[in-house]
Amino acid sequence: MSLYVECSDALYAHDPAEQGRLRAGRPWLQDARCFTRVQVSSLALMRMVTHCVAGGREEVMGMLQGRLGGDARTLVVTSAFALPVQGTETRVNAQADANEYMVQYVQECERQGVHSEHLIGWYHSHPGYGCWLSGIDVSTQELNQRHQEPWLAIVIDPLRTMASGCVELGAFRTYPEGYTPSGAAEMSAEAAPSIPLQKQDDYGVHAHRYYALEVSLFESTADAAWMRRLQRQYWASTLASSSMRLAREYVADQVGDLLVKTESAEVAVRQERFPAVATAASWRDRGGERVSSSLPPPPPPPVSAEPESSMMGEEEEEDEEEDEETEWPAASISGRMPQAGAVTRTSPRPVQQRNARRRRNAAFCRASVTQLHRLAEDAEVATAEYLQATLTEALKEALFYGFAEERARASQNA
1 MSLYVECSDA LYAHDPAEQG RLRAGRPWLQ DARCFTRVQV SSLALMRMVT HCVAGGREEV
61 MGMLQGRLGG DARTLVVTSA FALPVQGTET RVNAQADANE YMVQYVQECE RQGVHSEHLI
121 GWYHSHPGYG CWLSGIDVST QELNQRHQEP WLAIVIDPLR TMASGCVELG AFRTYPEGYT
181 PSGAAEMSAE AAPSIPLQKQ DDYGVHAHRY YALEVSLFES TADAAWMRRL QRQYWASTLA
241 SSSMRLAREY VADQVGDLLV KTESAEVAVR QERFPAVATA ASWRDRGGER VSSSLPPPPP
301 PPVSAEPESS MMGEEEEEDE EEDEETEWPA ASISGRMPQA GAVTRTSPRP VQQRNARRRR
361 NAAFCRASVT QLHRLAEDAE VATAEYLQAT LTEALKEALF YGFAEERARA SQNA
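The sequence shown runs 1 to 414 under UniProt numbering.
Source of the hints: derived by calculation from the structure; they are not laboratory data.
Ideal Cβ positions, reconstructed from N, Cα and C, are used throughout, including at glycine.
Check each hint, because a few of them may be wrong.
Here are the in silico distance ranges between beta carbons for each label pair [stated by the list, open to error]:
(1) V103 x E58: 16 to 26 Å
(2) P16 x A394: 48 to 58 Å
(3) Q19 x L143: 16 to 26 Å
(4) T180 x G70: 23 to 33 Å
(5) A394 x G113: 42 to 52 Å
(6) A10 x G135: 36 to 46 Å
(7) D9 x Q231: 44 to 54 Å
(8) G135 x R37: 38 to 48 Å
(9) V255 x Q352: 39 to 49 Å
(10) G165 x Q86: 51 to 61 Å
Sequences are here, hints too, so could you generate the full structure?
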């Protein structure tokens, strides 16, 4: 999302005739990626963020009001309102009373002539796990795009917003049914290592069914004047507030999630190395306490006459070819060694077993490296977020207390 806020009163002008002409053209039927940009008013952003932050760790949902932009490739969001829905930490469910409230709210806006634009989309929160669309979100967006285009989906992460001090927001639209995007970017747990463990299975599964839009902000001249007035009135409170104190639960959850991922990686590595023995520490939901299963330690690796090789790639293939081409003399059935000059071939079973061990070790090494890379990326993200919050608090403390001391000295001199 762009940090630049455009000041323009023209974006608030609503022309019903022009909107009817743009909608009659239905440009979204000719181009699956017709809309590429979203302009969000500061008023709508404040309403959405306030609602999502108030929801805390439970998902919340609301509706967007707006119109089509003049170029027919831009969606303009002028306002937003919350819906009385029942939410959990992983999903939000809109019931019949929410639909009734939505209809009454829109009718009242039209009657009063305030925000008389059409509904143009919906928003909901993802507390602590980023801005993307889950399978349920994709199905909801596809259903609305089929019946009430143009339609937009906005996702806000309130926990990361409070932790970083910058709004974490994403805008998305789904592709038409049967459309296959060319060169769609893959989303995986490796691409976004900060996704919590319980959401990694759903993250990226439906990435080929939707795309992200560029988001920018705008405000009117009256909004800009009110923003400046609020900044003059509450700038000291902003400096005195501690984002780390507000986000300490989020930081603790990040560290706990990293620990769970570390133990999961350890379980996977041990099971890959010793598949016959289940040795792991398990997490069980018993009042929030961690319970470790007391399992026997893994057995020592088997001792063979020759050390196992863990070569990978070309070296493994070269050794495999050497083993297949080498011929070794073998004892006869009577136990006597063959006569000199006799050529015999051994059974290929030892060679196959050795090659199977090498391939298994190579796969084990690759899996271990992947797990370690993911853990390192998780730790890097958590460390970067914590360092950013710490640096912000240090700068705010220096500015705030320095200003307070300067005012105290000035009052004493006076």
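**Asked** Has the hinted range 16 to 26 Å been met by the Cβ atoms of V103 and E58?
**Response** holds (24 Å)
**Prompt:** Is 23 to 33 Å right for how far apart the beta carbons of T180 and G70 are?
**Reply:** Check passed, 31 Å falls within 23 to 33 Å.
**Supplied distance hint 44 to 54 Å, evaluated on CB atoms of D9 and Q231** = violated (21 Å)
**Message:** Quick check: does the Cβ-Cβ distance between V255 and Q352 fall within 39 to 49 Å?
**Reply:** holds (46 Å)
**Prompt:** CB of G165 to CB of Q86, is that within 51 to 61 Å?
**Reply:** violated (30 Å)
**Asked** Using the C-beta atoms of Q19 and L143, is the stated range 16 to 26 Å upheld?
**Response** About 23 Å separates the Cβ atoms of Q19 and L143, which means 16 to 26 Å holds.
**Asked** Quick one: are A10 and G135 within 36 to 46 Å, going by C-beta?
**Response** holds (39 Å)
**Message:** For the hint 42 to 52 Å, verify it against the beta carbon of A394 and that of G113.
**Reply:** For A394 and G113 the Cβ distance comes to about 49 Å; the hint holds.
**Message:** Quick check on a hinted range of 48 to 58 Å for P16 and A394, using CB atoms only.
**Reply:** holds (53 Å)
**Asked** Is it true that G135 and R37 lie within 38 to 48 Å of each other by Cβ?
**Response** violated (26 Å)
Checked against the numbered hints above, the structure violates hints 7, 8, 10; every other hint is satisfied.
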